Amino acid sequence: MFQVITGGSGSGKSEYAENLVLSAGEGERIYVATMIPYGEEGRQRVERHRKLRAQKRFRTVECYTGLAELSFPQNGIVLLECVSNLTANEMYETNGAHEQTVEAILRGIDSLRAQVKHLFVVTNEVFSDGITYDEEMMRYIAYLGAINCALAQRADRVTEVVCGIPVKVKDGK
Amino acid sequence: MRLIIGGAYQGKLTYAKETYHITDGWVDGRICSREELSSCRGVHHFHEYIRRMAASEKQSAVLTDLERQADEFAHMLVKENPEIVVVSNELGYGIVPVEKTDRLWRELTGRICTCLAAKADEVVRVVCGIGIKIK
Numbered sequence: 000m001f002q003v004i005t006g007g008s009g010s011g012k013s014e015y016a017e018n019l020v021l022s023a024g025e026g027e028r029i030y031v032a033t034m035i036p037y038g039e040e041g042r043q044r045v046e047r048h049r050k051l052r053a054q055k056r057f058r059t060v061e062c063y064t065g066l067a068e069l070s071f072p073q074n075g076i077v078l079l080e081c082v083s084n085l086t087a088n089e090m091y092e093t094n095g096a097h098e099q100t101v102e103a104i105l106r107g108i109d110s111l112r113a114q115v116k117h118l119f120v121v122t123n124e125v126f127s128d129g130i131t132y133d134e135e136m137m138r139y140i141a142y143l144g145a146i147n148c149a150l151a152q153r154a155d156r157v158t159e160v161v162c163g164i165p166v167k168v169k170d171g172k
Numbered sequence: 000m001r002l003i004i005g006g007a008y009q010g011k012l013t014y015a016k017e018t019y020h021i022t023d024g025w026v027d028g029r030i031c032s033r034e035e036l037s038s039c040r041g042v043h044h045f046h047e048y049i050r051r052m053a054a055s056e057k058q059s060a061v062l063t064d065l066e067r068q069a070d071e072f073a074h075m076l077v078k079e080n081p082e083i084v085v086v087s088n089e090l091g092y093g094i095v096p097v098e099k100t101d102r103l104w105r106e107l108t109g110r111i112c113t114c115l116a117a118k119a120d121e122v123v124r125v126v127c128g129i130g131i132k133i134k
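Chain order of the listed sequences is A and B.
FYI, numbering that gives the first Met the number 0 numbers position 172 of the first sequence as 171, with every residue one higher than the one before it.
FYI, numbering that gives the first Met the number 0 numbers position 6 of the second sequence as 5, with every residue one higher than the one before it.
Extracted from the complex, chain A is given alone in its bound form (with noise of 0.2 Å):
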């Protein structure tokens, strides 16, 4: 089983993501964390969740840049939070795949599937604001879109998570 699971900020999606993992029936839960904690704030996100995952069970896997070169155990019930952080850590991370970001993170995505039970990926909705941002924010913003859309491709399931209610976008393939 792969599933997306994506909405805005704020809209509760890791909880729903991580209560997806847990009624995922047997295996070994992996959380694979992608921020960097950058600064004070950084550090009170990645506290936030952590909090959140306790009791829950999970072995983290810090993964910054280059996910396709890690292995993952068969009876694996996978967390991937969240693909915003690794779209900007490829993108400007000085051992990131830079221009080549979206397929660095393609194939990465589809090495993990490959391996695991089940896979669950997180990403963002950061689409809406309107705003024409400078060149390097709306080539951002576009590679994060391609890889939205080829990971739902891909995925047995999307779920959109508003105000913590999740809302169907595709189920089954």
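Calculated pairs, SDA-like style, for lysine to any residue (alpha carbon to alpha carbon, straight line, at most 25 Å):
| id | chain 1 | residue 1 | chain 2 | residue 2 |
| --- | --- | --- | --- | --- |
| 1 | A | 55 | A | 25 |
| 2 | B | 118 | A | 14 |
| 3 | A | 167 | B | 131 |
| 4 | A | 169 | A | 21 |
| 5 | A | 167 | B | 94 |
| 6 | B | 99 | A | 46 |
| 7 | A | 167 | B | 120 |
| 8 | A | 167 | B | 121 |
| 9 | A | 167 | B | 127 |
| 10 | A | 169 | B | 121 |
| 11 | B | 99 | A | 135 |
| 12 | B | 99 | A | 128 |
| 13 | B | 132 | A | 126 |
| 14 | B | 118 | B | 7 |
| 15 | B | 134 | B | 36 |
| 16 | A | 167 | B | 7 |
| 17 | B | 134 | A | 170 |
These are calculated hints, taken from the structure and not from any lab test.
Because the structure is a prediction, the values reported are computed rather than measured.
Using the hints provided, position chain B relative to the given structure of chain A.
Just chain B, lined up with the frame of chain A:
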């Protein structure tokens, strides 16, 4: 309690007025007081009320505390005004704002609306004037 959400200029207030037959008793989140929130029939621009609230409370700077704040506020509101119709913009669908206060406001609005949605009898998302009942 009913929650109506959606993007800006989607016809949320018109939808709420027509659907629930509430023509008066509305207050505007841009200017209303805390007391008015507990006695009104409905509030629109609710996200703007949260902006003012976040600006007046310095402790909102602590992200890890947002959940608790959001939960407390939502709980109080529903307790004081169990029949209220809340109309709010969805704010989380853009790029992370540059200003820290904007980021906190956006996040606080999302968390409060999520708490309200959990308590609501009905949640409707309005897109292009059309209401889609999601709860």
